[in-house]
Amino acid sequence: MIVGGQSLVTSPPVFSHDGKKLLVCTGCTVSVFSTTTGMLITELEGHTERLTSIVVVPVAGTVGTKFSNYCWTASLDGMIFYWDFSTPDLLKKINVQLPVHSFVIPNILSASLGRSDKASQNLYAFISVEDANKGVENGKHLHGSIQIYDLTNSTRAGGVLAETHKPETLAVSKSGEFVGIKKKQQLNIWRVPNKNLKSVNMKKLKLHHTRTLSCLAFHPTKCIVAAGDVSGRILIWRGFGKMRHSQDGGGKMKIDMGDRPGVRGEDDADSCSTWHWHSSEIKFLMFSSDEAYLFSGAKEGVIVVWQLDTGNKTYKPNIGSPLMYFTDSPDPSLSCVSCEDNQIHLLRMPSMDIIKSISGIKPPLILSELQGDRSRVIIGCDRSIGFVALPTKDYRIQFFSLLDGTDISHLQVIERNYDPVDETTVFISLVEVSDDGSMMSTVEEKLPEMGIGGLISLKFWIRGSHTGQYTLSTIIYEPHNNAGVSDMAFCPGRSMAVSTSYCGNFKVWVNNSSFIHSGDEIQEKGGWRCQSVSSYKEIPMTAAAFSGDGSVLAVAAETKITLWDPLNNVLVAIIGDSLGPIRRLAFVGSSEYIMSFSSGTKADLVVWNISNLSTHWSYKLLVEDICCTRSETRVAVLALLSSSDKSISTGKDGMVLVFDVENPIPVSTWFVKKAKGGRLSFINNKLGEATDGKLLLAYINGEHNYVLFDPSNVKEQEDLIPKSARRPQSYAHDENVSHGYASIYGELPSFDLTKARSSDSIPFVLSERPWETIFSGSSHALPPLSKLCSPFLESLLQKAEKQTVLSQ
Amino acid sequence: MMADEATRRVFPTEPASHLRPRSRSVKSLVSTPESSFWRTFRSSTLHPSYLHLPITSLSFSPNSSLLAAASSTSVRVFSSLSLSEYDPDFDPTLFATLPLPDLAYSPSFRCDGALIAAGCENGAVRVFDLPNDKPPKTLRRLNAHSCASRVVGFPLLDHKLRLFSAGDDALFVQWDLPTETPLFSVPGAHRDYIRAGSPSPVSPDVFVTGSYDHTVKIWDARVDSGASSVLSINHGHPVESVLFLPSGGLVATAGGNTIKIWDVIAGGKPVYSVETHNKTVTALTLAKVRDDTRLLSVSIDGYLKSFDFSRFKITHSMRYPAPLLSVAFSPTGTIRVVGTNNGAMYMGIKKKKDEFEDQVGSDDFAWSVPLPEKPTSRKNIRYFKRGQSEKPSEGDFIIKRPEKVKLKEHDRLLRKFLHKDALVSVLKTQQTTSIMAVLEELVARRKLIKCISNLDNDELKLLLSFISKKATQPWCARFLMDLAKWVLEIRAEDIRSGGPEMAVHVRNLRSMVAHEIQVQRSLQEIQGMISPLLVIAGK
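As you go down the protein sequences, you meet chains G and V in turn. For the first sequence, the residue numbers in the UniProt record's numbering are 1 to 808. For the second sequence, the residue numbers in the UniProt record's numbering are 1 to 539.
Derived by calculation from the structure, the hints in this document are not laboratory data. Beta carbons are placed, not taken as given, at the ideal position from N, Cα and C, and that holds for glycine. Treat the hints loosely; a few may be bogus.
[Claimed, not checked] Each pair of labels, with its calculated beta carbon distance range:
hint: 1; chain 1: V; residue 1: 232; chain 2: G; residue 2: 527; range: 48 to 54 Å
hint: 2; chain 1: V; residue 1: 276; chain 2: G; residue 2: 574; range: 50 to 56 Å
hint: 3; chain 1: V; residue 1: 477; chain 2: G; residue 2: 438; range: 35 to 41 Å
hint: 4; chain 1: G; residue 1: 533; chain 2: V; residue 2: 268; range: 35 to 41 Å
hint: 5; chain 1: G; residue 1: 493; chain 2: V; residue 2: 246; range: 44 to 50 Å
hint: 6; chain 1: G; residue 1: 122; chain 2: V; residue 2: 405; range: 56 to 62 Å
hint: 7; chain 1: V; residue 1: 396; chain 2: G; residue 2: 632; range: 52 to 58 Å
hint: 8; chain 1: V; residue 1: 384; chain 2: G; residue 2: 311; range: 37 to 43 Å
hint: 9; chain 1: V; residue 1: 10; chain 2: G; residue 2: 533; range: 51 to 57 Å
hint: 10; chain 1: V; residue 1: 407; chain 2: G; residue 2: 193; range: 53 to 59 Å
hint: 11; chain 1: V; residue 1: 394; chain 2: G; residue 2: 569; range: 50 to 56 Å
hint: 12; chain 1: V; residue 1: 393; chain 2: G; residue 2: 788; range: 46 to 52 Å
Using the sequences and the hints, build the whole thing.
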């Protein structure tokens with residue numbers, strides 16, 4: 001069983017302490033990607049619900065922990081896990097009991113530094129949890145609450161810090177000094193005391209704004225907090241909390257009301273400035289590691305870099321999708337940005353070039369304001385190689401391999417500039433791939449504005465030399481005049497296709513072209529031409545299918561199925577009425593049965609017998625998709641459960657049924673989640689261990705999560721989106737590529753400190769090792785080497801002296 | 001997995017190709033080297049006489065660029081010394097007028113250009129000399145023909161004392177000029193009028209004649225075989241023009257609407273037949289196109305066609321507004337003249353050297369001693385540019401720089417979301433396809449209606465004039481009809497108060513709609529007439 005298609009962008013990714021790995025929340029697992037190759041290294045499996053946050057333990061600074069890779073993860077199942085993600089091992093489990101939506105450990109730096117002496121400090125975490133019952137009691141629907149949790153002792157430390165309407169995302173400053181949340185139109189900020197962390201002695205600071213805030217970020221060192229609101233404004237409060245936080249428990253200092261530009265009411269801040277460039281809700285804010293810049297991003301797909309002192313801005317356009325999160329790594333030359341189209345781009349920092357992209361399966365196209373049945377976007381599926389062709393928002397088709405779980409290629413279908421802000425007016429409404437994958441057709445629709453300028457066009461593509469590489473063969477504008485194309489089908493074994501339309505006719509297209517192979521390119525002469533046009537009583541044609549040998553074409557005219565001879569364009573037979581208009585047809589293997597299902601109020605699933613033109617069996621089921629094997633008589637049906645069914649409560653709203661077509665009793669049944677908009681397909685199994693030609697059944701749900709399984713092996717009633725996952729694509733290689741300072745000046749010679757450590761009894765104080773701090777910071781901010789050299793050598797000399805003294 | 005930033009292209013707004021007008025206009029834009037050569041000719045019109053009499057024959061002097069045109073009772077000789085290709089203001093000045101007693105035919109220059117001979121309706125053949133500074137005078141009068149001497153010609157080779165003539169009396173004569181006596185005379189050479197003849201380019205004694213009796217005959221003056229010719233070919237139509245091709249082995253004949261190429265060495269074997277003219281082909285001539293030779297043919301249907309007889313392909317065709325009777329192409333390859341039946345001469349003068357010739361020119365210099373390359377020092381800009389124009393050799397791996405998309409003004413404005421400005425700027429270009437593309441893009445952005453309501457009066461006039469011109473073009477009608485409706489609906493007030501200019505546009509629109517309705521109605525009538533026929537045919 002292969003599972004995949006999880007979103008990579010449900011929560012912000014996190015870099016490992018050395019910036020060589022990227023930890024991404026993918027559903028119930030943490031996927032660890034290599035930042036050099038962009039490939040999956042390993043996965044951390046254990047949670048049973050969606051992961052919400054990851055905290056990587058920073059390097060303790062000693063040589064012994066150089067290769068340690070520890071992280072904390074929190075999930076909606078109410079558990080917090082502690083992992084070693086290099087092996088990967090689960091080290092510790094903490095049960096919080098409430099779904100954790102956000103989770104930060106402010107004192108992780110100091111706590112981990114003092115790890116050598118265990119008793120020094122407990123590790124405290126701020127958690128944002130959802131408490132559904134509590135909200136009802138209060139009657140104020142305060143579902144979310146912020147709590148402090150002692151991770152060392154696995155106990156709750158004190159009461160509730162704050163209550164919010166819904167669980168909020170916590171933000172922490174880099175130094176761990178401040179923790180904040182946004183709460184509607186205000187920011188709540190707490191200063192974290194160095195010791196004795198209790199909710200009672202936490203001081204809360206509120207900063208007000210007139211609009212609902214969407215995100216916040218703390219300056220790494222200074223008392224500056226930035227917040228973005230839903231209208232796209234960015235507010236920068238400088239010098240917040242000087243009064244409140246400095247007065248440790250004392251009385252309120254009198255606030256100097258004058259000379260505080262932009263600060264509202266009695267807010268505790270020196271000044272507040274507003275920047276406005278974005279036109280929609282700010283999705284992320286992030287201060288750069290050199291403290292001079294602020295990054296912001298929103299729906300436009302443009303990262304705006306604000307110079308903190310002046311407010312001047314530069315842009316990084318061309319990301320091509322609404323942005324979600326921005327994460328910087330300990331390596332100052334690397335950061336990553338998560339996009340809404342399920343991609344994470346790794347950026348080389350000062351220039352913000354995209355080095356690598358980690359892309360998952362594209363999210364489904366959501367079309368607003370489209371009516372009913374016509375709004376469905378059909379995705380194509382290649383049975384032989386096991387990839388799906390998914391239309392994306394930026395007018396492309398993504399080819400995604402279900403077996404490997406990787407993105408294969410992208411194909412630009414509509415030559416138009418994509419702007420994430422625009423509403424969708426041009427889109428790919430249908431993708432159909434022929435059985436062997438050699439041909440593909442796409443239908444694109446351009447919606448008219450007030451009745452002007454609508455256009456539907458049909459494109460035929462032929463496969464190039466690589467999988468997922470297609471070249472355009474023919475464009476047909478307005479294939480059925482103004483009417484939309486309801487379905488496409490390719491004839492197996494022949495270059496023939498049929499398109500049906502709502503205007504009541506269908507067209508058979510044939511390709512009589514010759515190919516000229518010239519190097520890599522395939523040039524084509526001729527192209528697809530309409531061979532015949534037919535209609536049946538002017539009834540809208542809703543679906544089409546070819547029989548396995550291509551000799552019979554079945555076209556659904558609303559409730560009837562008409563059978564045609566595709567070569568001579570002759571109506572052979574009509575099979576009578578289903579209950580509602582048929583949405584899709586499928587021939588069952590080489591048998592004499594054809595399957596159809598209809599939707600709407602009178603939904604049904606019918607198996608028809610072609611030889612005596614009668615119903616074989618039928619169900620009153622609301623079916624979402626059907627699929628048949630080409631050789632066997634097995635069929636798989638994806639049915640939606642009606643709301644009255646009891647399994648709705650578990651979140652499972654659909655079921656996959658496998659029938660043998662002779663028998664109306666299903667062979668096996670599975671319940672699945674999010675079945676609306678799902679798709680089924682049989683694909684050939686190419687995996688190493690099972691080359692017996694058994695077909696795998698692929699189920700892609702409405703959110704483009706998918707599962708591949710052998711329908712004869714998997715037991716019934718089993719959960720179809722399990723926790724187990726795919727194999728890692730590759731092991732991390734090139735891990736030893738140097739970066740930062742080392743990449744420019746080479747590795748520093750390693751100083752033999754083991755002698756000192758072996759004599760051990762003297763604990764080193766960090767500040768006494770200037771060769772570590774002297775080179776910290778970004779390379780362009782460093783003083784020239786000539787200046788660095790003498791203190792560096794000096795420090796070494798001193799050290800040696802000391803050691804000699806000590807050894808004496 | 002690839003960083004797809006590099007693959008993210010910028011697409012300029014382009015109309016869907018269904019909106020681009022297909023057919024001829026696209027085809028004619030396809031530029032072949034040949035058509036670009038012919039396009040370098042600047043055309044002008046010339047009326048040699050004020051009488052609208054046909055120009056029956058045109059001839060260029062082989063060396064001195066004089067042009068002789070036979071029209072009515074005179075042969076007019078134009079000096080084309082001033083026809084230098086660098087002179088854009090060429091006005092061919094009349095050099096001389098040769099008086100002839102009756103309608104003049106077939107002027108012919110001697111190979112050195114010093115003498116000119118012409119035939120006449122009454123059968124006389126006159127030879128004139130052409131001194132540069134004095135009026136021409138008649139040197140010889142050759143009288144043998146009893147009817148119109150339609151064909152007069154000097155041999156092409158350096159044989160200055162001979163002349164041949166043929167005429168409607170079917171007599172073919174080779175003359176000795178100094179003595180005015182026929183050297184070789186074939187009475188009854190054909191059984192009908194002889195209307196065409198050509199000397200061989202390889203032998204001074206070989207001639208070809210074509211006649212209205214459909215035959216083409218080849219004569220050799222050295223063989224005194226009485227009335228029988230060396231070779232006789234049946235063209236199949238009355239022959240209007242014959243021509244030896246430069247090799248001397250091929251003969252092109254024109255008659256009816258066909259041009260045929262014959263191999264005379266192989267005994268008159270037909271080689272190729274061209275039927276591209278719709279009406280009778282009247283004249284043939286050779287033209288030097290770059291370093292190739294083409295056969296030019298003109299016809300009553302008004303077309304001049306260029307035929308590549310090495311590839312047997314029509315390479316170019318030009319249309320003139322009148323039936324064409326004669327054609328000539330200057331030996332320098334810079335002037336092309338056609339004569340019509342209404343007295344007008346259309347001439348094309350090559351206005352510039354085309355690039356191809358420049359290349360040829362540089363090739364010519366290739367074998368000369370190459371200039372020593374200037375040493376490039378660091379001060380010289382060439383030092384910094386050295387190697388930049390290096391051409392990749394075979395086997396080099398070429399890394400292409402990503403092509404920069406040149407954005408037009410409206411594209412730039414669209415990228416800045418200045419929708420109305422983009423619409424206005426593209427309307428000003430008056431390029432229909434671009435305008436349609438921008439309109440479609442605005443629809444896709446849901447901004448068209450807003451744009452229309454924001455246009456000020458001048459811009460609205462632009463839009464209205466565009467709509468009123470193009471709304472019934474079939475390929476954009478569906479879009480523009482709807483658009484016109486919306487524009488009139490939204491901007492009714494402004495149009496009403498917009499002054500006379502606006503009213504003109506609206507009136508144009510109305511008349512266009514009325515016209516379109518009429519067209520539709522007549523189309524429906526035709527459909528009504530045809531459909532019963534189709535039904536009957538189907539039964």
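A quick look at each hint next to the structure:
no.: 1; hint: V/232 with G/527: 48 to 54 Å; in the structure: 52 Å, holds
no.: 2; hint: V/276 with G/574: 50 to 56 Å; in the structure: 55 Å, holds
no.: 3; hint: V/477 with G/438: 35 to 41 Å; in the structure: 38 Å, holds
no.: 4; hint: G/533 with V/268: 35 to 41 Å; in the structure: 55 Å, violated
no.: 5; hint: G/493 with V/246: 44 to 50 Å; in the structure: 58 Å, violated
no.: 6; hint: G/122 with V/405: 56 to 62 Å; in the structure: 60 Å, holds
no.: 7; hint: V/396 with G/632: 52 to 58 Å; in the structure: 55 Å, holds
no.: 8; hint: V/384 with G/311: 37 to 43 Å; in the structure: 40 Å, holds
no.: 9; hint: V/10 with G/533: 51 to 57 Å; in the structure: 39 Å, violated
no.: 10; hint: V/407 with G/193: 53 to 59 Å; in the structure: 58 Å, holds
no.: 11; hint: V/394 with G/569: 50 to 56 Å; in the structure: 53 Å, holds
no.: 12; hint: V/393 with G/788: 46 to 52 Å; in the structure: 50 Å, holds
When held up to the earlier numbered hints, the structure conflicts with 4, 5 and 9 and fits the remainder.
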